[in-house]
Amino acid sequence: MIPDGIADVIERTVTHEELEDALARPIPVDERDEVTALVRWFTTRYSSAEARLSYVRQAYERWRGHARPR
Amino acid sequence: MQPSRFDEVAFFRALDQSGARALLIGRRALVLLGLPVLTADYDFWIAIDDIEPFNVVAARFDLRPTRTPDQARQHGRYVLENDEHVDVLVARSVPTFKGESVQFDELWKERVRVPLDDVHVSMPSLDNLILTKQIRSRPKDLEDIRLLRILKESRS
Numbered sequence: 191m192i193p194d195g196i197a198d199v200i201e202r203t204v205t206h207e208e209l210e211d212a213l214a215r216p217i218p219v220d221e222r223d224e225v226t227a228l229v230r231w232f233t234t235r236y237s238s239a240e241a242r243l244s245y246v247r248q249a250y251e252r253w254r255g256h257a258r259p260r
Numbered sequence: 320m321q322p323s324r325f326d327e328v329a330f331f332r333a334l335d336q337s338g339a340r341a342l343l344i345g346r347r348a349l350v351l352l353g354l355p356v357l358t359a360d361y362d363f364w365i366a367i368d369d370i371e372p373f374n375v376v377a378a379r380f381d382l383r384p385t386r387t388p389d390q391a392r393q394h395g396r397y398v399l400e401n402d403e404h405v406d407v408l409v410a411r412s413v414p415t416f417k418g419e420s421v422q423f424d425e426l427w428k429e430r431v432r433v434p435l436d437d438v439h440v441s442m443p444s445l446d447n448l449i450l451t452k453q454i455r456s457r458p459k460d461l462e463d464i465r466l467l468r469i470l471k472e473s474r475s
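Taken in order, these protein sequences are the chains called Y and G. Just so you know, the first sequence maps onto residues 191 to 260 in my numbering. Just so you know, the second sequence maps onto residues 320 to 475 in my numbering.
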């Protein structure tokens, strides 16, 4: 369960300016390279779609385990 | 609680064979495209006439709808759930945050089919996936737009 204050931040609707910026701003080369490298790692390490889905399920369970109140 | 033994491949296989027009949207679509993003649920946009066949598939996996088909058509959304959570958008069109109309039929016509084991998963094209991210326009949608734009640029 995500606390209300955090949920408000996560679920808020962005401003028009924020959306326009996300859609139109030029993406710097280093930022593009970082994401491209991440995609390359993910699609090489988990080369099939089913492996990628399985990885994400496990990653989410790990995250949920860490996020759960102790 | 232990996670369910939800068999994703079997679910997508049954969906593919059902003939229901269902597009995988949301972050799991990004995962299939090769973007390692965290997500808890499944998001589908389905044809307004295909709620029943979609629910028949879901029922085989013990996923129960939160609304009747008529209620779902009225509200435009419903959820299928057990310890999995499937958000289902069911509308002919939905406005983006900027007021642009996103039509299901257009997205379906331009869909891509991503191989998953021995089946295919239907999802919007990259451009249309970016468009669906403008419907809710939350901070995480902007992050997804950033990732999808980079993926698109790297493919062109």
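By construction, these hints were calculated from the structure, which means they are not laboratory data. We put the CB at the ideal spot given by N, CA and C, even for glycine. Take these hints with a grain of salt, some might be off.
Label pairs and their computed distance ranges (CB to CB) [stated by the list, open to error]:
| no. | chain 1 | residue 1 | chain 2 | residue 2 | range |
| --- | --- | --- | --- | --- | --- |
| 1 | G | Arg392 | Y | Ala227 | 29 to 37 Å |
| 2 | G | Ser337 | Y | Glu224 | 38 to 46 Å |
| 3 | Y | Arg235 | G | Gln393 | 26 to 34 Å |
| 4 | G | Glu400 | Y | Glu201 | 17 to 25 Å |
Distance restraint hint 29 to 37 Å, applied to the beta-carbon atoms of Arg392 of chain G and Ala227 of chain Y: Given about 44 Å between the Cβ atoms, the range is violated.
Ser337 of chain G paired with Glu224 of chain Y, Cβ distance criterion 38 to 46 Å: At 40 Å between Cβs, range holds.
C-beta pair Arg235 of chain Y, Gln393 of chain G: status relative to the range 26 to 34 Å that was hinted: 44 Å, violated
Pairwise beta carbon distance, Glu400 of chain G to Glu201 of chain Y, judged against the given window 17 to 25 Å: Holds, since Glu400 of chain G and Glu201 of chain Y (Cβ atoms, about 19 Å apart) stay within the stated range.
When the structure is compared with the earlier hints, violations turn up for hints 1 and 3 and for no others.
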